[in-house]
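Peer 1: Numbering (numbering that gives the first Met the number 0), first residue to last: 0 to 323.
Read the hints as simulated data drawn from the structure, not as lab findings.
There is no bait here: all hints are sound.
Only pairs whose alpha carbons sit at most 25 Å apart, straight line, appear in this in silico BS3-like list of lysine-lysine:
hint: 1; residue 1: Lys314; residue 2: Lys6
hint: 2; residue 1: Lys86; residue 2: Lys49
hint: 3; residue 1: Lys314; residue 2: Lys189
hint: 4; residue 1: Lys116; residue 2: Lys58
hint: 5; residue 1: Lys88; residue 2: Lys58
hint: 6; residue 1: Lys113; residue 2: Lys86
hint: 7; residue 1: Lys116; residue 2: Lys42
hint: 8; residue 1: Lys88; residue 2: Lys42
If you anchor each label on the Cβ, the simulated ranges turn out as follows:
hint: 9; residue 1: Met2; residue 2: Glu172; range: 19 to 29 Å
hint: 10; residue 1: Arg101; residue 2: Glu319; range: 24 to 34 Å
hint: 11; residue 1: Glu319; residue 2: Pro262; range: 41 to 51 Å
hint: 12; residue 1: Met271; residue 2: Leu240; range: 17 to 27 Å
hint: 13; residue 1: Glu76; residue 2: Ser269; range: 39 to 49 Å
hint: 14; residue 1: Asn28; residue 2: Leu240; range: 37 to 47 Å
hint: 15; residue 1: Lys58; residue 2: Glu319; range: 32 to 42 Å
Ideal Cβ placement from N, Cα and C applies to all residues, glycine included.
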Amino acid sequence: MEMELIKPPCLEPGDTLGLIAPSGPVIRNNDIPAGTMPSHLEKGIAYLEKMGYHPVLGKHVLNRRGYLAGTDMERLEDLHAMLANPKIKGIFCVAGGYGTPRLLPHIDYELLRKNPKIFEGYSDITALNNTFFSLTGLVTFEGPMANYDFGRHIDFNRDNLWKVMTQREPVGEVPVPEDYPSMETLYPGKASGRLIGGNLSLLAATLGTPYEIDTRDKILFLEDIDEYPYRLDRMLNHLLLAGKLQQASGIIIGECVDCIPDPPENPSLSLMEIFDDLIVPLQKPTFYGLPCGHGTYKLTLPIGIQSSMDADRCKLYLEESAVS
Numbered sequence: 000m001e002m003e004l005i006k007p008p009c010l011e012p013g014d015t016l017g018l019i020a021p022s023g024p025v026i027r028n029n030d031i032p033a034g035t036m037p038s039h040l041e042k043g044i045a046y047l048e049k050m051g052y053h054p055v056l057g058k059h060v061l062n063r064r065g066y067l068a069g070t071d072m073e074r075l076e077d078l079h080a081m082l083a084n085p086k087i088k089g090i091f092c093v094a095g096g097y098g099t100p101r102l103l104p105h106i107d108y109e110l111l112r113k114n115p116k117i118f119e120g121y122s123d124i125t126a127l128n129n130t131f132f133s134l135t136g137l138v139t140f141e142g143p144m145a146n147y148d149f150g151r152h153i154d155f156n157r158d159n160l161w162k163v164m165t166q167r168e169p170v171g172e173v174p175v176p177e178d179y180p181s182m183e184t185l186y187p188g189k190a191s192g193r194l195i196g197g198n199l200s201l202l203a204a205t206l207g208t209p210y211e212i213d214t215r216d217k218i219l220f221l222e223d224i225d226e227y228p229y230r231l232d233r234m235l236n237h238l239l240l241a242g243k244l245q246q247a248s249g250i251i252i253g254e255c256v257d258c259i260p261d262p263p264e265n266p267s268l269s270l271m272e273i274f275d276d277l278i279v280p281l282q283k284p285t286f287y288g289l290p291c292g293h294g295t296y297k298l299t300l301p302i303g304i305q306s307s308m309d310a311d312r313c314k315l316y317l318e319e320s321a322v323s
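Turn these sequences into a full structure, and let the hints guide you.
Peer 2: Below is the structure:
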């Protein structure tokens, strides 16, 4: 029996938004002291204030412990504090990196279920977004983050985010920037199902755990960055061996940024050859190139809502609202 879907309340100007760092630190340069407010985050905060919101920083958001934004318990404390605070209407992650899988066994999922609110981020945040949906039914959001993305003047990223989080009507066809490169059909056809996915590395890392992604009858979208082609091959093959690609109703490959051999002259399969070997034989509607994840353009994609896709036209449609 499918878990009941929980849609968080929509955001409205005047709402208070919590900013947390559940993954890597906002500053990753050891020459800059931990606790320093980065200029990108300052710009992101200023942007949110300009939009009429009241951003509040988590207690430990500027902490740094190696490649983590503080200890596991510090990052967990900020998440739980934002969930428990009734004044906080949305939780926006400030950065990715690595660290969220370490939190999964310690999160109070009942607290999350009783306090549904916007939760948003991408990259390493994929582990939280999909686990929150799978264990509680809460719709979450893969999209731009506050430390870097919000302060950049890319209207496409900003406009799409607010459209998904503030309107109670279905978005319908997901937009693509006018100057965006053409996408490519890998296998034709149409599919429908709840939308799940995000960063391939994080999704593959859930396999064999209590937080394993469930792709049955879902539209699965995947993206990644800075992975050699053989590593993408290994992770996609991992999903294939686990039956996850076969169970999906359709597959969308987002941008795979800087996923090239290093050095470039090393012998390698191309990304398209990998897709042809591992995905196309499944005969699932599939297309490549959706602007989500680590590229310049970043769609905000709600995890858990009913969606459909047309691989012939390289289109994704959000068939229901993501917020209540």
